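Asker: So you can see what is in the structure, the chains are spelled out below.
6 protein chains.
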Amino acid sequence: MHLRLINPNTSVPMTEQIEVAAWRASAPDIEISAVCPSEGAASIESHTEEILAAAAVVAEIERAQSAGRRIDGFVIACFGDPGLDAAREVASVPVVGIAEAAMHAATLVGRHFGVVTTLPRTLGRAEDLVRRYGFETACVSLRAADVPVLALEDPSSEAVDAIAAEALRAVEEDRADAIVLGCAGMAGLCRTLEARLGVPVLDGVAASVGLVSGLVRMGAGTSKRGEYAYPPRSMPTSAMPRNRVR
Amino acid sequence: MHLRLINPNTSVPMTEQIEVAAWRASAPDIEISAVCPSEGAASIESHTEEILAAAAVVAEIERAQSAGRRIDGFVIACFGDPGLDAAREVASVPVVGIAEAAMHAATLVGRHFGVVTTLPRTLGRAEDLVRRYGFETACVSLRAADVPVLALEDPSSEAVDAIAAEALRAVEEDRADAIVLGCAGMAGLCRTLEARLGVPVLDGVAASVGLVSGLVRMGAGTSKRGEYAYPPRSMPTSAMPRNRVR
Amino acid sequence: MHLRLINPNTSVPMTEQIEVAAWRASAPDIEISAVCPSEGAASIESHTEEILAAAAVVAEIERAQSAGRRIDGFVIACFGDPGLDAAREVASVPVVGIAEAAMHAATLVGRHFGVVTTLPRTLGRAEDLVRRYGFETACVSLRAADVPVLALEDPSSEAVDAIAAEALRAVEEDRADAIVLGCAGMAGLCRTLEARLGVPVLDGVAASVGLVSGLVRMGAGTSKRGEYAYPPRSMPTSAMPRNRVR
Amino acid sequence: MHLRLINPNTSVPMTEQIEVAAWRASAPDIEISAVCPSEGAASIESHTEEILAAAAVVAEIERAQSAGRRIDGFVIACFGDPGLDAAREVASVPVVGIAEAAMHAATLVGRHFGVVTTLPRTLGRAEDLVRRYGFETACVSLRAADVPVLALEDPSSEAVDAIAAEALRAVEEDRADAIVLGCAGMAGLCRTLEARLGVPVLDGVAASVGLVSGLVRMGAGTSKRGEYAYPPRSMPTSAMPRNRVR
Amino acid sequence: MHLRLINPNTSVPMTEQIEVAAWRASAPDIEISAVCPSEGAASIESHTEEILAAAAVVAEIERAQSAGRRIDGFVIACFGDPGLDAAREVASVPVVGIAEAAMHAATLVGRHFGVVTTLPRTLGRAEDLVRRYGFETACVSLRAADVPVLALEDPSSEAVDAIAAEALRAVEEDRADAIVLGCAGMAGLCRTLEARLGVPVLDGVAASVGLVSGLVRMGAGTSKRGEYAYPPRSMPTSAMPRNRVR
Amino acid sequence: MHLRLINPNTSVPMTEQIEVAAWRASAPDIEISAVCPSEGAASIESHTEEILAAAAVVAEIERAQSAGRRIDGFVIACFGDPGLDAAREVASVPVVGIAEAAMHAATLVGRHFGVVTTLPRTLGRAEDLVRRYGFETACVSLRAADVPVLALEDPSSEAVDAIAAEALRAVEEDRADAIVLGCAGMAGLCRTLEARLGVPVLDGVAASVGLVSGLVRMGAGTSKRGEYAYPPRSMPTSAMPRNRVR
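Line order of the protein sequences matches chains B, G, P, Z, F and W. Each residue of the first sequence is one higher than the last, beginning at 1 in the UniProt record's numbering. Each residue of the second sequence is one higher than the last, beginning at 1 in the UniProt record's numbering. Each residue of the third sequence is one higher than the last, beginning at 1 in the UniProt record's numbering. Each residue of the fourth sequence is one higher than the last, beginning at 1 in the UniProt record's numbering. Each residue of the fifth sequence is one higher than the last, beginning at 1 in the UniProt record's numbering. Each residue of the sixth sequence is one higher than the last, beginning at 1 in the UniProt record's numbering.
Note that these hints are calculated values from the structure, not bench results. Heads up, some of the hints might be wrong.
As the list claims (entries may be wrong) - Label pairs and their calculated CB-CB ranges:
no.: 1; chain 1: F; residue 1: 172; chain 2: W; residue 2: 92; range: 39 to 49 angstroms
no.: 2; chain 1: G; residue 1: 146; chain 2: W; residue 2: 136; range: 39 to 49 angstroms
no.: 3; chain 1: W; residue 1: 158; chain 2: G; residue 2: 146; range: 28 to 38 angstroms
no.: 4; chain 1: G; residue 1: 219; chain 2: Z; residue 2: 158; range: 29 to 39 angstroms
no.: 5; chain 1: P; residue 1: 173; chain 2: F; residue 2: 66; range: 53 to 63 angstroms
no.: 6; chain 1: F; residue 1: 67; chain 2: W; residue 2: 161; range: 41 to 51 angstroms
In this text the structure is predicted, and so the values were computed from the model without any measurement. Glycine included, C-beta positions come from ideal geometry on N, C-alpha and C.
Same shape as in the complex, but just chain B (with noise of 0.2 angstroms):
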């Protein structure tokens, strides 16, 4: 089976590092492959920015489908899961987002989890997110770290305690028992985060790849009766980002 993983930003270390995350999470008989595009938003930090990462995320399933090679099923490797229901018109096989992931796998480990993201900025997004998949009750906590995302990608920045603090509070004060990283660039942080809560902590990376590779063994493709049918029509060329496939 091969997963595709589309990180829709421009940071090579960052798809680095998602592939890994995906690769470690994977049945031995998957293959992983994650791309982004050449150009773009360097990181996606606001609703302006999301917009250029759906644009992406459609692109690179669109040129993944005329190439050549078989691909399984795809994976939006980035939390505001932009571009979701698009990339379910346009793929033939099935999409998962990372927030949708981690959210979902949150729910089997607890009754109540929180999420940590990075700007404050963005917590409007993870809310409409949480409302989408239905976890309104399950979710108890919303917080950001106040830490950008590229810091994520510097060892010695703070962000990790930063990110830390805001988990210890959405466990002490509000009550979570799981909590879920709000951005790609942190699935590293599992363990790390892990042992100093002392509760789950779920990288949507990682998640996706049991989700997507469980559709796919179970043979369920999205439907595409009705909302989910292809597009009428593609998305011009011009319109679309460029890539690099890694």
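Assemble chains G, P, Z, F and W onto chain B, guided by the hints.
Answerer: Using the frame of chain B, we list chains G, P, Z, F and W on its own:
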């Protein structure tokens, strides 16, 4: 007061019709201008096209703001309210979407409203908006007339009958006491449909003029604290669809 | 266009203040008149007084409609929106309440709003209205400044500081990005509070003028099919509080 | 224990019928008295009449409390529960509404209930009450038999058949497994309808006696902290509908 | 009327206390009998013990129904309402749970209630019940005193202080205006806590007597159409916990 | 990885069928074993049998954990997810229910799903699960084929036609774009029904393998802080249904 309406599809006739509908619902001291992109989607009938529309909306606001002329408020003249959150980020003046506007207006003239859209595949987006705006209880009916957007430009089409038939079912079967028209292209049908149905029929273009001009008059701009603060980076020009100023 | 605002308490100074606030937010072609009953409750601060207020609202609409002068829309200028459903029954033109109007406006300028009212005992009514209008998710804070309504008429009182303090807690602790003022008597405080808080502050009197004039311009009247059809019997004159036309 | 039932319309036969229905559902140590105003609305079938009814309820409680005789609990014997919040403010003993009572009872004997009311225009009020009491999930059907309230006094009318027909649709089409009768005047129909429908049929008059006497026996009065504290001012006598003690 | 209360844990002192609490809240024509199983869980403080409790409840109802003596209603006297749905299936007379009863009663005496339970691990079950019964809006506080159930039998323990402290936080921080006691073993604390808190304190044992006797007097039995029809097969005797009739 | 599926009814053929369905959806490194109790309920079709099933699930987990063999995750293979909360308490490894799993999967392949169960009396339990998992908006249809569980073992029965008919109504009348099969015994019908219906048909047995193995691979265990901590006392052996290891 100068209000700018943005039709994110490329149809010039529809843009002109939108401008007229807005002008008819305006106070005497309001100037209306409507624009559409010169390239992009001919109509917005899929999640994929919704992304193009969102990019077109943001591009037009940024372009308008860097041009010299004063604009007091923006309207997104497409029923999916594409790019509304991003528009509130980038605009310095109030922004309202027509779906939002029509739904707000409908709750002021009745307890329950129904939405009649074009193609069934757009119902999912409408459902998302209903929840986002808080109208799950007020909205008792989401129906599609199964009419493509561009058929609305053709007076000889049977589009009006199809829309009236679904609206009637919303009233009689689903107990709607007002009808929201689910496409900017339906703006001209209000009076005809009201005569047939006996309940108020709300067009978002007219409704949005009242809402956004009201915000301007009371001095209420978008909150720039937190989520809708100006984004850290502008949308790159290369990602902006070109437009056609009218 | 002639809009009639109904203050259902007997305070003439508050009625004059309401008229001014409405006039300031009006288009040039709008005429404003505000009235209050000559007997009834001095202020509306309990559920019991809410009933008197509701009766006063209906009485004034019936009286206005039987008088000869044309009125194009009514506003209920009391934050509990007393008698709103009944007013929609008896009026032939659109009716909007100021709580309703301020909350609608708040959702157009931010994701989350907070309400700051006068006495704590009025919070229950505010909570009912929030749910009735669909804003449970948007409204993240309901706070009382513990200030009686009539203290708002006294410039030397500490009412403004108390209101500002609760509004600040709504912003900082509850994550509101806009504030709704929970009393018609607070209409004059918007600019002062905005300067202190850094977020939009919405007054329902100003907001209601935009909403109801918008409905008039788009030709949208209350649905007279079903619930809001004219009532089978008028309110008996003996049950009507007397009023003072201004 | 002495319970006072307040029928807020002026129908003496209906008041007598309410007294009998309450007495039949009472423990042996309970005395029942029912009253109605001597002037006011003949029946409560509009939002406007609901205001008169609310005033009548508050007036009767204040009158009863200033008379010398001990009363242990009040029942508002009109399905819209008019004035319930105000009644809890002014009363020193527990108050229950019959809509509230019937809905609570219905959730104890089945998962889903349906309400059958009189005129369609009263459905909006019923929907508000369902939400206010928390029964949106439990209540799966709101139907009107299109029967005026006073037709229920006429044994030769076809009212019973019309009510039975809607109740049957609630059971078979909407999956209700219990029926709530939506008018105090239907109190005598329970057994007849149960025999026809095969599911429990709940009358609020009987249900309210159980609820309010239960509160009295367990020593639970209305919380006087906050919202339901005695109001700062009584209702002025001039605003009180006159009553007829029976 | 004969009501049978079922304490599903094996504590005889708690069963006796439950019987007394029920008797105190009963009308003079009601006979009360309380039973508990002779083997099973000493207290119900985990989901695992909840299963044992549910089995004990069903066993006792089946045993009571096959014995000759008439029983008019059952009460499940454990705050998790274990086995309530199954009890409604097997019983021919009404069944009420004490959590359900206390929550219903709380909504009749205030707008917002708080629940104070024993161990924090039981809060999840309480949250499920709140949603099942429709009281998500009414219930504003779920708190645990961190007191084991059996400590409630020891008058020298500090349990009462711990419960009072959490109840006070529910009132002052969470705005509860009534308190629900989250354990049958707390039945004796109502008056003490009310004196300390100044708001109504509701015990489910007393509340359930009012509810179930009210259903009996109004002739309302569990709907036997559909979900609560008698089960196709009885619980096998081998699966029934033995009981101790008192 | 070794996954243990627990069928809580005593049907050996159904247990074998479950094992096969799970094995078919497994990665190559997964070993599957399915067990059922040797005494207990022949099928789970009432709330009373649900209690037996819950006890059987807990007993099997405790038995498996005290036996020497390593198990990496448990699946509760009965659509009511009996005993799921208790199972998370007693298990040291992740536990997933098949209703939960199928519903999660359905939300990944469409916007709206419908559930088709066996007997109508089981719909209440399904509705509870839908709410517990957060899928009230996603689940638009709950239908029963009126087929007893054990009829599914009989290939000559008309069960498949009855299930297909209800599923078709869910798609066409209720707008489901995916179908969830509401019984472990329906696992073999997915492909047949998909061919007839043209939308994805989800079986919980297959879906649960993907979910629970995904949790194992990402190292996510049940949160042992709070609600799902190991229970203070084990289930007494006398309360455990005996089992049959396969």
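Asker: Look at each hint and say if it fits the structure.
Answerer: These are the hints, each one checked on the structure:
1. F:172 x W:92: 39 to 49 angstroms: About 40 angstroms separates the Cβ atoms of residue 172 of chain F and residue 92 of chain W, which means 39 to 49 angstroms holds.
2. G:146 x W:136: 39 to 49 angstroms: This hint is violated: roughly 28 angstroms between Cβ atoms.
3. W:158 x G:146: 28 to 38 angstroms: For residue 158 of chain W and residue 146 of chain G the Cβ distance comes to about 35 angstroms; the hint holds.
4. G:219 x Z:158: 29 to 39 angstroms: Violated - the Cβ-Cβ distance for residue 219 of chain G and residue 158 of chain Z, about 59 angstroms, lies outside 29 to 39 angstroms.
5. P:173 x F:66: 53 to 63 angstroms: 59 angstroms Cβ-Cβ, so the 53 to 63 angstroms window holds.
6. F:67 x W:161: 41 to 51 angstroms: holds, 45 angstroms
In this structure, the earlier hints numbered 2 and 4 are contradicted, and the remaining ones agree with it.
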